Amino acid sequence: MKRIVIISFIVFIATAALLLEACRKNDSLAPGASVLKFEIPPGFPDPTYKFDNNTPTQQGFELGRKLFYDGKLSMDGNFPCASCHQQFAAFSTYDHDFSHGYKDQFSTRNAPGLFNLAWQKEFMWDGGINNLEVQALAPLTAHNEMAEDIGDVINKLKADNNYRALFKAAFGEDNINSQKMLKALAQFMVMLVSADSKYDRVKRGAAHFSADEENGYAVFRAKCAGCHTEPLFTDFSYRNTGLTLHPTLKDAGRMKITNHAEDSMKFKVPSLRNVALSFPYMHDGRFYSFDQVLRHYSSGIVKNPGLDPLLTNMIALSPADKTNIKAFLKTLTDSAFVKDKRFAQPQ
Amino acid sequence: MKTILKLVFYGAFFFIFSCSKDKSEETGAQNGVAAVRLNFANMAGSDALLFGNVYQTSLGEDISLHTFKYYISNISFKEAGTTNEIIAPETYHLVDHSDPTTYSFILNLPAVQLSQIRFLLGVDSTKNVSGAQSGDLDPAKEMFWTWNSGYIMAKLEGSSSFSSEVENAVTYHIGGFRTGENVTRQIVLDFPAGEHLALVDHKTADVFIRADALKWFSGVNALRIEEHPTCTTPGSLATSIAGNYANMFSISGVNNP
Chain A
44 MKRIVIISFI
54 VFIATAALLL
64 EACRKNDSLA
74 PGASVLKFEI
84 PPGFPDPTYK
94 FDNNTPTQQG
104 FELGRKLFYD
114 GKLSMDGNFP
124 CASCHQQFAA
134 FSTYDHDFSH
144 GYKDQFSTRN
154 APGLFNLAWQ
164 KEFMWDGGIN
174 NLEVQALAPL
184 TAHNEMAEDI
194 GDVINKLKAD
204 NNYRALFKAA
214 FGEDNINSQK
224 MLKALAQFMV
234 MLVSADSKYD
244 RVKRGAAHFS
254 ADEENGYAVF
264 RAKCAGCHTE
274 PLFTDFSYRN
284 TGLTLHPTLK
294 DAGRMKITNH
304 AEDSMKFKVP
314 SLRNVALSFP
324 YMHDGRFYSF
334 DQVLRHYSSG
344 IVKNPGLDPL
354 LTNMIALSPA
364 DKTNIKAFLK
374 TLTDSAFVKD
384 KRFAQPQ
Chain B
22 MKTILKLVFY
32 GAFFFIFSCS
42 KDKSEETGAQ
52 NGVAAVRLNF
62 ANMAGSDALL
72 FGNVYQTSLG
82 EDISLHTFKY
92 YISNISFKEA
102 GTTNEIIAPE
112 TYHLVDHSDP
122 TTYSFILNLP
132 AVQLSQIRFL
142 LGVDSTKNVS
152 GAQSGDLDPA
162 KEMFWTWNSG
172 YIMAKLEGSS
182 SFSSEVENAV
192 TYHIGGFRTG
202 ENVTRQIVLD
212 FPAGEHLALV
222 DHKTADVFIR
232 ADALKWFSGV
242 NALRIEEHPT
252 CTTPGSLATS
262 IAGNYANMFS
272 ISGVNNP
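Protein chains in written order, with my numbering: chain A, 44 to 390; chain B, 22 to 278.
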């Protein structure tokens, strides 16, 4: 008797597993969709993003790219994702502390560059968003950014024959919903890998640092890499870097998410890849140049409560150190990435 | 040993049906499967909830509602006379008082006798961090926070003369899934004494559950509208309201096929 029970079980579980596998395949991949391989650059850790739940395909990526560049996702049609995330600025807003949004409003934080998002566990300066797939909902619905309603965007996409065909090609069904839109956008964004700067070529033995760059790298490793950890140039932590509270925005940063007083004025450590393209700097874009940022860390830190322990004594930097660090930071610019036609506005 | 085997067996069984759930949900019991329909009746005290009607909270404050929504998930049952837990197919169901089609839904189960229902009021932490979802978890249902990712587990909106907000608004968007801020609540309801749910293959049994909106204001943390007309972030106010709404459900009866 016992044996029969056990055998029937095994059969049952095996059947269940097979059926489950079958329905999973139906759910995610459209027939004819071609899987895009996600390459992990040499020296990079395993990505955080769960590709199993959203396998990038050529069709899903192309749909995501079209959505990223389409003003339809905003209330008045003027603000696609790409209006604040410009490829030539490594997908930050070039030369703007804040970005323009719906009805002449400004954002309240500096738009970060978009690259290497597959390794990022949390999003936004305060880390309030816990998955790349739901990140796009924040700018899409913010009244001062794209100012749209999720249901309205979906209705606009459903009314567009072209989109219906693209969703079908990517997901196998032409019923469009927010999940598919968000997964397609995530497929585009997760493929934005930047790992071909001069720094990367030096690491691969394909280029050499100049003397200034080499010295700058040494200073960087000694004095900056505690937070801006290689190879992603961030440790993804939240830190209070001794900035004064913005007089009008009074942005408390991470505390808004955690409700913990000790997180007051903490912001996510940004990656320094492509940093020469992503000025102005800090969460509110208050510094326009490398010089201003280096002056802050070497002599401008305000000892507010909760200041990061690594910055208690500021960072001693000689004029030569600063010159060399600046030379090094410029080696983090990935010119191939910002010109990569795969990521450009579809024609 | 036998109990464990039984559990695994049911588990495997439901995995299969969870796959085709979307299609079967509306049609009732399938071949070789029994079904339970959960019917939610939203109440204001002992009266059926009517939007726009003025009710009194236990603290004597007036309240009239125009929105009342909550998630039901992670449903299981206790098999009568045993300690077996019968786990229902994965379900995330949004009851929305403005849409009567959301008041009831069907679960496929084995044909056994059940003495208790257990469910989560809200959406478990796993689904809160697992990216873009669909169905009742679609963020277009306006139950998802975009700036601080996570589901609003339950939403109550209305007005009261005790609210100092614009248009006397009362706005409770109760969410939060992290430790210390978790507002999901495990609900356990016994079926009335002597009224086991006796499931039969191919047939649908009914469970009638009441959800009393006025319970949000009374209980472990009496809620004064004058003091707190708004709660739209995770934190201590949200968890204290959750302590109240944990007691809003009761079984009004069952109906065997």
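Warning: the hint list may mix true and false statements.
For lysine-lysine, the following DSBU-like pairs were computed, each having C-alpha atoms within a straight-line distance of at most 35 angstroms [stated by the list, open to error]:
#, chain 1, residue 1, chain 2, residue 2
1, B, Lys148, A, Lys201
2, A, Lys164, A, Lys382
3, A, Lys164, B, Lys176
Simulated restraints, written as ranges between beta carbons of each label pair [to be verified]:
#, chain 1, residue 1, chain 2, residue 2, range
4, B, Asn74, A, Asn218, 32 to 42 angstroms
5, A, Ala319, B, Thr200, 36 to 46 angstroms
6, B, Tyr124, A, Pro85, 36 to 46 angstroms
7, A, Lys93, B, Pro213, 22 to 32 angstroms
8, A, Pro88, B, Pro213, 29 to 39 angstroms
9, B, Gly81, A, Pro88, 44 to 54 angstroms
Quick partial rundown of chain A residues pointing at chain B, CB under 10 angstroms, derived from the structure [stated by the list, open to error]:
#, residue
10, Phe166
11, Leu180
12, Leu183
13, Asn187
The set of hints was computed from the structure by calculation and includes no laboratory data. Quick caveat, the model's predicted, so the values are computed rather than measured. Glycine included, C-beta positions come from ideal geometry on N, C-alpha and C.
Verification of the supplied hints:
{"no.": "1", "hint": "Lys148(B) <-> Lys201(A)", "verdict": "26 angstroms, holds"}
{"no.": "2", "hint": "Lys164(A) <-> Lys382(A)", "verdict": "26 angstroms, holds"}
{"no.": "3", "hint": "Lys164(A) <-> Lys176(B)", "verdict": "28 angstroms, holds"}
{"no.": "4", "hint": "Asn74(B) <-> Asn218(A): 32 to 42 angstroms", "verdict": "38 angstroms, holds"}
{"no.": "5", "hint": "Ala319(A) <-> Thr200(B): 36 to 46 angstroms", "verdict": "41 angstroms, holds"}
{"no.": "6", "hint": "Tyr124(B) <-> Pro85(A): 36 to 46 angstroms", "verdict": "57 angstroms, violated"}
{"no.": "7", "hint": "Lys93(A) <-> Pro213(B): 22 to 32 angstroms", "verdict": "44 angstroms, violated"}
{"no.": "8", "hint": "Pro88(A) <-> Pro213(B): 29 to 39 angstroms", "verdict": "56 angstroms, violated"}
{"no.": "9", "hint": "Gly81(B) <-> Pro88(A): 44 to 54 angstroms", "verdict": "59 angstroms, violated"}
{"no.": "10", "hint": "Phe166", "verdict": "9 angstroms, holds"}
{"no.": "11", "hint": "Leu180", "verdict": "4 angstroms, holds"}
{"no.": "12", "hint": "Leu183", "verdict": "8 angstroms, holds"}
{"no.": "13", "hint": "Asn187", "verdict": "12 angstroms, violated"}
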